[in-house]
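*Asks:* As they're listed, the protein sequences go chains X and A.
Residues in the first sequence are numbered consecutively from 1, following my numbering.
Residues in the second sequence are numbered consecutively from 1, following my numbering.
FYI, nobody ran anything at the bench for these hints, they're computed from the structure.
Errors might be hidden in some of the hints.
[What the hints assert, rightly or not] Output of the computed footprint for chain X on chain A, the stretches with three or more beta carbons under 8 Å from beta carbons of chain X: (1) 49–58; (2) 105–117; (3) 131–137.
Even for Gly, the Cβ is constructed at its ideal location relative to N, Cα and C.
2 protein chains.
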Amino acid sequence: MTTMLHVDASVRGTRSLSRRLGDAFREGWLAQVSAARVIHRDLAAAAPPFVDEAWIAACFTPADRRTDAMREVLAPSDELIAELEAAEVLVIATPMFNYGMPARLKAWIDQVVRVDRTFSFDLARGDWPLEPLLAGKILVLLTSAGEFGFGPGGVREHMNHLDPHVRVASGYLGVAETFHLGIEYQEFGDARHERSVADAMAGIPGLVAQVAATVRRGALGDGARRSA
Amino acid sequence: MTTMLHVDASVRGTRSLSRRLGDAFREGWLAQVSAARVIHRDLAAAAPPFVDEAWIAACFTPADRRTDAMREVLAPSDELIAELEAAEVLVIATPMFNYGMPARLKAWIDQVVRVDRTFSFDLARGDWPLEPLLAGKILVLLTSAGEFGFGPGGVREHMNHLDPHVRVASGYLGVAETFHLGIEYQEFGDARHERSVADAMAGIPGLVAQVAATVRRGALGDGARRSA
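Only chain X is shown next, with the shape it has when bound in the complex (with noise of 0.2 Å):
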């Protein structure tokens, strides 16, 4: 069985061009991929709690000698970490919220990246200590944004924080290849909008086929799901 985490991060619904192409996704990948299964999570019906003082020192405190109340400031993160480590491939689906993530997808990612759960810190590594625990993941990046000129080259590429950021964190979530479509010039909406909106819709069916195959060929490899 194929696991995919299906992030939504966008608050608008049904008007939402990011969801518009996570749902294109998803349906796509149901249809190709047999014995798949989704894990929806939607961060604009419940966004994730904002990392507190308490959170850190929980974290930082070794799992056995934790209180019931450190085990309660991260039973969010412990819910959203399992969603993670129990997938292959994880789809995130955001609109560009002033050049980056959405403060929910932020939060989301705050929650996910954790000492001794998804990375490991030793001083012995000399000066790059974190190392991802998790491996082999596929992250599929789905964005809307209201400009354009968002990709390398582009007049915009300088003030792009969001698809590079979420690559850059997702290292520590064990992603080991990316892909990433988007739709751009949304504000204008103009011909070069529905284009943008035509072409991404476009692309669905040949990256849900790409995300299989690199499944299919083993990408993931045996640590794909190795965990702390």
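Chain A: place on chain X using the hints.
*Replies:* Below, chain A alone, put in the same frame as chain X:
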């Protein structure tokens, strides 16, 4: 009178290095600038609400046609924007969380960057339809990172979505000039970290003087508090 808005994003109390930098800046500022007023917005004490669909709908409804429910949804944003409008100097003290802003700080950004309040949108401007409505503010960004090499030419420059992201977003908050001072190496806890803390703390008085001089020479201009 000069007003400084001091935003704290760290959830750590006395152990926070970004708070230590912010406190030192504020103390130096109060000692040096006569008739200085400080508004303190502590995002650890109370995080701004996440933007939701009702918030977006309310923003895009003309102010004179908003319902009471819409005005209620926008009340936290109104309050945060009023603090920003009142300030000539914006100090943001924040740790780096997973290579970017903590979700709390992003939630603040998402509440204060708002159409017809901090920026206007006009397709007649062509491919760059957004323009800030506020102007002439000075941003002082005080950061603390666990790792190192996030500056220009550094080994982790490509992973840095903290200060470059805040800079990009702050253009829509009327920021005309940005100063940045940061501590690195926190998780190494070694001599490099001690030196980084010492250097940053030693840099505060000069930074205060620089910002004060910028205010004095009128870089803020007449448009400093131009509002929508």
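*Asks:* Hint by hint, note whether the structure agrees.
*Replies:* Verification of the supplied hints:
no.	hint	in the structure
1	49–58	holds (count 6)
2	105–117	holds (count 5)
3	131–137	violated (count 0)
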